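Novice: Can you build the whole structure from these sequences, using the hints too?
Protein chains: 2
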Amino acid sequence: MQSKKRVSIADIARQLNISVTTVSFILNGKAKEMRISDALTKKVEDLVQQTNYQPNVLAKSFRTGKTNTIGLLVEDISNPFFAHIARQIEDNAYQRGYKIIYGSTEDNLEKTRELITMFADRHVDGYIITAPEGIDNEVKDLLEMKKPVILFDRYYPGLETNYIGVDNYKGTYDGIVHLIENGYKNIVLVTTTSQQSQMTERQAGYHMALDQYGLESYTHKIAYVDKQSAVVKKQIADFMSAQPQTDAVFFATNYLLACGLEVFKQIGLKVGEDVAVVSFDDHEFFGLFTPSITAVAQPVQDIAHQAINLLLNELQPTGAPSQKKFIQLPAHLVVRESSAAKRRGA
Amino acid sequence: MQSKKRVSIADIARQLNISVTTVSFILNGKAKEMRISDALTKKVEDLVQQTNYQPNVLAKSFRTGKTNTIGLLVEDISNPFFAHIARQIEDNAYQRGYKIIYGSTEDNLEKTRELITMFADRHVDGYIITAPEGIDNEVKDLLEMKKPVILFDRYYPGLETNYIGVDNYKGTYDGIVHLIENGYKNIVLVTTTSQQSQMTERQAGYHMALDQYGLESYTHKIAYVDKQSAVVKKQIADFMSAQPQTDAVFFATNYLLACGLEVFKQIGLKVGEDVAVVSFDDHEFFGLFTPSITAVAQPVQDIAHQAINLLLNELQPTGAPSQKKFIQLPAHLVVRESSAAKRRGA
Numbered sequence: 001m002q003s004k005k006r007v008s009i010a011d012i013a014r015q016l017n018i019s020v021t022t023v024s025f026i027l028n029g030k031a032k033e034m035r036i037s038d039a040l041t042k043k044v045e046d047l048v049q050q051t052n053y054q055p056n057v058l059a060k061s062f063r064t065g066k067t068n069t070i071g072l073l074v075e076d077i078s079n080p081f082f083a084h085i086a087r088q089i090e091d092n093a094y095q096r097g098y099k100i101i102y103g104s105t106e107d108n109l110e111k112t113r114e115l116i117t118m119f120a121d122r123h124v125d126g127y128i129i130t131a132p133e134g135i136d137n138e139v140k141d142l143l144e145m146k147k148p149v150i151l152f153d154r155y156y157p158g159l160e161t162n163y164i165g166v167d168n169y170k171g172t173y174d175g176i177v178h179l180i181e182n183g184y185k186n187i188v189l190v191t192t193t194s195q196q197s198q199m200t201e202r203q204a205g206y207h208m209a210l211d212q213y214g215l216e217s218y219t220h221k222i223a224y225v226d227k228q229s230a231v232v233k234k235q236i237a238d239f240m241s242a243q244p245q246t247d248a249v250f251f252a253t254n255y256l257l258a259c260g261l262e263v264f265k266q267i268g269l270k271v272g273e274d275v276a277v278v279s280f281d282d283h284e285f286f287g288l289f290t291p292s293i294t295a296v297a298q299p300v301q302d303i304a305h306q307a308i309n310l311l312l313n314e315l316q317p318t319g320a321p322s323q324k325k326f327i328q329l330p331a332h333l334v335v336r337e338s339s340a341a342k343r344r345g346a
Numbered sequence: 001m002q003s004k005k006r007v008s009i010a011d012i013a014r015q016l017n018i019s020v021t022t023v024s025f026i027l028n029g030k031a032k033e034m035r036i037s038d039a040l041t042k043k044v045e046d047l048v049q050q051t052n053y054q055p056n057v058l059a060k061s062f063r064t065g066k067t068n069t070i071g072l073l074v075e076d077i078s079n080p081f082f083a084h085i086a087r088q089i090e091d092n093a094y095q096r097g098y099k100i101i102y103g104s105t106e107d108n109l110e111k112t113r114e115l116i117t118m119f120a121d122r123h124v125d126g127y128i129i130t131a132p133e134g135i136d137n138e139v140k141d142l143l144e145m146k147k148p149v150i151l152f153d154r155y156y157p158g159l160e161t162n163y164i165g166v167d168n169y170k171g172t173y174d175g176i177v178h179l180i181e182n183g184y185k186n187i188v189l190v191t192t193t194s195q196q197s198q199m200t201e202r203q204a205g206y207h208m209a210l211d212q213y214g215l216e217s218y219t220h221k222i223a224y225v226d227k228q229s230a231v232v233k234k235q236i237a238d239f240m241s242a243q244p245q246t247d248a249v250f251f252a253t254n255y256l257l258a259c260g261l262e263v264f265k266q267i268g269l270k271v272g273e274d275v276a277v278v279s280f281d282d283h284e285f286f287g288l289f290t291p292s293i294t295a296v297a298q299p300v301q302d303i304a305h306q307a308i309n310l311l312l313n314e315l316q317p318t319g320a321p322s323q324k325k326f327i328q329l330p331a332h333l334v335v336r337e338s339s340a341a342k343r344r345g346a
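Those protein sequence lines, which keep their order, are chains A and B. Numbering-wise, UniProt numbering puts 166 at position 166 of the first sequence, and it's gapless, one number per residue. Numbering-wise, UniProt numbering puts 234 at position 234 of the second sequence, and it's gapless, one number per residue.
It cannot be assumed that every hint is accurate.
Identical copies look the same in the list; a pair holds intra-copy or inter-copy alike.
Below, simulated DSSO-like cross-link-like pairs (lysine-lysine); rule was C-alpha separation at most 30 Å, straight line [claimed, not checked]:
#, residue 1, residue 2
1, Lys185, Lys233
2, Lys66, Lys111
3, Lys66, Lys146
4, Lys170, Lys325
5, Lys30, Lys147
6, Lys170, Lys270
7, Lys325, Lys140
8, Lys66, Lys147
9, Lys265, Lys342
10, Lys227, Lys111
11, Lys221, Lys233
12, Lys111, Lys233
Simulated from the structure, these hints should not be mistaken for lab results. Please read these numbers as outputs of a predicted model, since none were measured by experiment.
Specialist: Structure (structure tokens):
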């Protein structure tokens, strides 16, 4: 805790009868450079300790332009995947002396622009962003202003930025191959209409696996109508009744899975018996479902750790412009009961 | 987005050949007060618009001491309850021009102190805190420094602060009465050893209901050993084998419920048949469990809305010291299958 009345640099200067500038040089480690005597340096340091002087961080930020704050933009902090990533980013940042200012973009262009402006006004040192479609220009502007930016979860093909994410293509491919090898033949992908990279990659992984095994694909794209689950559920129900031969469903997000499970319950389809299920993104409760839910898990800790590492690397003044890094970590298939081998005759 | 080279107040002053102070007075709405002519005021305002001048927020913060930033301390941002609260607080704050800096306390005293110091150094305008045991003095210090502080989720009996939370006592009481009325007689409360108000209130609600119906209580307190679920699960398993007559369990948190369900699965106890279950705090997936899980739901939106309202009220300079408000909102029992009426003979 700070003491109730802050001791200022001016107080210290007055007490020792020296100038504020001299105190400031000493506190900023420039005593030698400025040829200030060791004796005076020690006097100031001792008084600083006695008076429990604490630098005025806001004033210092104003002088140095550094705030030790990172702006974190996620799609939605209440989504378990982003909540866990945010927590891990926070832990990593905290250990290295940084604080997080955050905002949820809701994948809304206007809100994202406002948040980036707010963060810029608050002089954050760098940005970690899950970018909605269409803010490539804003990201480009930040890069031109030499602001460190790390994109995560999705990237803009064609825009050279630092990026950390998961191999959505291979993750989905593995999930679909797992279903095929367990005997499923009419496999549906339920996904969103988003053209963001993570979603198009999941779609590509689905098609690749089916093509390889010579199976037909039944991609079912769903428009998120402002996350109105009633609309999503109706679309899934309509699709299932139009395609009754469906024996397995891969849900491209947790949210779609939740909608799907509710629909299956309503129309009396038994998961693991009538229809196999795999979800992209794991969840702490999936092991407790009956049957437990097979999922493609993202390495949340690793993603957060590397995001902070990339950002802090960018914040080191090296002189040379840094090479942008594009990192894709492997996703991991967690096999549970909902995708068990298809029974003969079923 | 800000333009690539910021236009400063000095640029505007130079261009119009007037002083920086005059520009500053006009921009801060003090033209009339300072007897600056309407003509000059209009000239400055027009130029500000043409040049897309944006105030340097950091410099302004330094002058005014206001940062339009709120420090939010939750126990753990990755916990679904806190993630949802944080999202709602963010939405409410954003609509009213405030940003959030956040931190997860992990209920750790030392980390909480460091975070409060960090927030103070960053000159946040106010604090919203889920307080771990033992930081009453730090909260008292903030109050003495006239910093607006809102506690939520738990409070310090005896310390007069603004508080917003749920009626944990009545919420738990309702859940236990529901179990009793459905025929259960050997009802266990699985809770933590925490002496925080929200936990002691839940315990009191449990005892009150059992006393009222003349039933015996089997409170089983569990120490969170740094959230090591293996330890928690072992304790629940040991208790269940020592008290085989147990026919219902009320879990005081989601986390304990998840541990409990795993134990029941391992030892072959069927939820809804062998043992009824109720959880404090609802979860979006509880309706999808088999059986679906009965829960005491907190009004997350209301809590967040009122927390921001209380804080913004405190930030209005009224002259008179404001009356501290203590608000308890009702929790709501969501009845699902896991607590269905006990079968005869079971």
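Novice: Each hint needs a verdict: does it hold in this structure or not?
Specialist: Each hint tested on the structure:
When the C-alpha separation of lysine 185 and lysine 233 is checked against a cutoff of 30 Å, the pair qualifies only within one copy, where the shortest distance is 23 Å, while the shortest distance between copies is 39 Å. For the homomeric pair lysine 66 and lysine 111, the shortest alpha-carbon distances inside one copy (25 Å) and between copies (23 Å) are both at most 30 Å. Taking identical chains as interchangeable, the C-alpha atoms of lysine 66 and lysine 146 lie at most 30 Å apart whether they share a chain (14 Å) or sit on different chains (28 Å). Taking the shortest Cα distances, lysine 170 and lysine 325 sit within 30 Å of each other inside one copy (20 Å), while across copies they are farther apart (54 Å).
Taking CA atoms no more than 30 Å apart as the test, lysine 30 paired with lysine 147 passes inside one copy only; the shortest distance there is 27 Å, against 35 Å between copies. Taking the shortest alpha-carbon separations for lysine 170 and lysine 270, only the intra-copy value of 28 Å comes in at or below 30 Å, while the best inter-copy value is 38 Å. Only within a single protomer do lysine 325 and lysine 140 lie at most 30 Å apart by alpha-carbon distance; the minimum there is 16 Å, versus 47 Å between protomers. For the homomeric pair lysine 66 and lysine 147, the shortest alpha-carbon distances inside one copy (12 Å) and between copies (25 Å) are both at most 30 Å.
Proximity of lysine 265 and lysine 342 under a CA criterion of 30 Å is satisfied in both settings, with 19 Å inside one chain copy and 24 Å between copies. Within a single copy, lysine 227 and lysine 111 get their C-alpha atoms as close as 17 Å, which meets the 30 Å cut-off; across copies the closest is 36 Å, which misses it. Within a single copy, lysine 221 and lysine 233 get their C-alpha atoms as close as 12 Å, which meets the 30 Å cut-off; across copies the closest is 41 Å, which misses it. In this assembly of identical chains, lysine 111 and lysine 233 lie within 30 Å of each other by CA distance solely inside one copy; the values are 27 Å within and 43 Å between copies.
Against the hints set out earlier in the document, no violation occurs for any number.
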